[in-house]
Amino acid sequence: MKHLALATALMSSLPLAPAVAATEGQRITVTGEFIDTWCYFSGVMGGPETVVGSAHHTCAMWCSAGGIPVGLLAPDGTIYMVLKIEGDDNNAGGDTLLSLASHTVTADGIFYERDGLNYIVVEEIVEDMGITNLNHTDFGIVPGFAIPPGER
Amino acid sequence: MIKSILTCAALIGATSASAQDWRFEEGSNARSWNLFAESNATFTGTVVDITCELTGDCAANCGDGARQLGILRHSDNVLVNVQKNDQALFSGGATDLLPFCGQDVDVDGLLLTDDSVGAINMYLVQFIRPTQTEEWTAAKAWTDAWEAAHPDWAGSGRWYRRAGNILAHLQTTGYFGLGLERDEEIKAELYD
Chain A
1 MKHLALATAL MSSLPLAPAV AATEGQRITV TGEFIDTWCY FSGVMGGPET
51 VVGSAHHTCA MWCSAGGIPV GLLAPDGTIY MVLKIEGDDN NAGGDTLLSL
101 ASHTVTADGI FYERDGLNYI VVEEIVEDMG ITNLNHTDFG IVPGFAIPPG
151 ER
Chain B
153 MIKSILTCAA LIGATSASAQ DWRFEEGSNA RSWNLFAESN ATFTGTVVDI
203 TCELTGDCAA NCGDGARQLG ILRHSDNVLV NVQKNDQALF SGGATDLLPF
253 CGQDVDVDGL LLTDDSVGAI NMYLVQFIRP TQTEEWTAAK AWTDAWEAAH
303 PDWAGSGRWY RRAGNILAHL QTTGYFGLGL ERDEEIKAEL YD
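Protein sequences, first through last, are from chains A and B.
Residue 82 in my numbering sits at position 82 of the first sequence, with consecutive numbering throughout.
One gets my numbering by counting positions in the second sequence from 1 and adding 152 to each.
Since the hints were made in silico from the structure, they are not lab data.
One should not assume that every hint holds.
[As the list claims (entries may be wrong)] Among chain B residues calculated to face chain A with C-beta under 10 Å, some are:
#	residue
1	ARG175
2	ALA189
3	ALA240
4	GLY270
5	PRO282
Backbone N, C-alpha and C fix where the C-beta goes; we use that ideal spot for every residue, glycine too.
In isolation and in its complexed conformation, chain A is listed as follows (with noise of 0.2 Å):
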């Protein structure tokens, strides 16, 4: 449903028209991990499976209150860039992104897409399943240093 809903989405995507209404948005429900989208998409911690989860949970907030983008990450591997959380358009460091950090949700909003790159506007999380990508049991904690050494 997901494939299709995308499908759907990118088929329907506009040309910029500059000032107001820039790209037509569709009506999209996903199912998806909020993620710190710099540590996946630049692999500077390591690979893509090592900076989702609870492994990373503690960088992908240090990241989100930094104002790193978040993104959501579907199952397929879609990314959606979050540009809005329920009307909280604080997307470069705010406290709603930061305290669903990690968090996989079911959120029903409006994709975009522009050259290459999704983004979406989350009008509603309609359920939030906490963090359930439990790979820590892989990893460990992703940075070794989230954890200072006098809390181990």
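Here the structure of chain A is known, so what remains is to put chain B in place on it, guided by the hints.
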């Protein structure tokens, strides 16, 4: 050992799938971050509020630092998503771009292009200047701006160890986000 093997395998896979974009390399003086998907890139464009550009919902002064900013590249009208500034401190790029909201600028930095993870038209900005000027500004303003905005979190050490909003979450859900009790169990498994 297993973790190391998996990570190395993932890195090798990502490297083989990467297809860096070298079209904007000429004239760049950006320094490498040793990222497998990076390519030097300097270009001219307009600093824009990405939410405004895509949805038509525009805020004054590009959101005054609350919104992600991008660069609408003049040569091909591509919206470049600026993910990072030039500080290796978990800091984004909006703070450094904000003084240039709506302005035409030259930028120098690193493009990220990696088909295996969907990275395209993403940027780490290192230097910015208004077009037709000579002096570059280093994109390292985030930490100073953060310190100025949060005097109550002042202290020694990295900002992310002192940030009250992060500490509040850590004190509630722990480093793995699974609750303090589970956090202690995991730490015991990892370090004892």
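| message | Interface hint check: GLY270(B), Cβ to nearest Cβ on chain A, cutoff 10 Å. Holds or violated? | response | holds, 6 Å
| said: Please check whether ARG175(B) passes as an interface residue: C-beta within 10 Å of a C-beta belonging to chain A. | reply: violated, 14 Å
| Hey, does the PRO282(B) contact hint survive, CB to chain A under 10 Å? | violated, 20 Å
| query | Can we keep the ALA240(B) interface hint, with Cβ of chain A closer than 10 Å? | reply | Holds - the Cβ of ALA240(B) comes within 10 Å of chain A, reaching about 9 Å at its closest.
| said: Is the interface hint satisfied for ALA189(B)? The criterion is a beta-carbon contact with chain A at less than 10 Å. | reply: holds, 6 Å
In terms of the numbered hints stated before, the structure departs from hints 1, 5, listed from lowest to highest.
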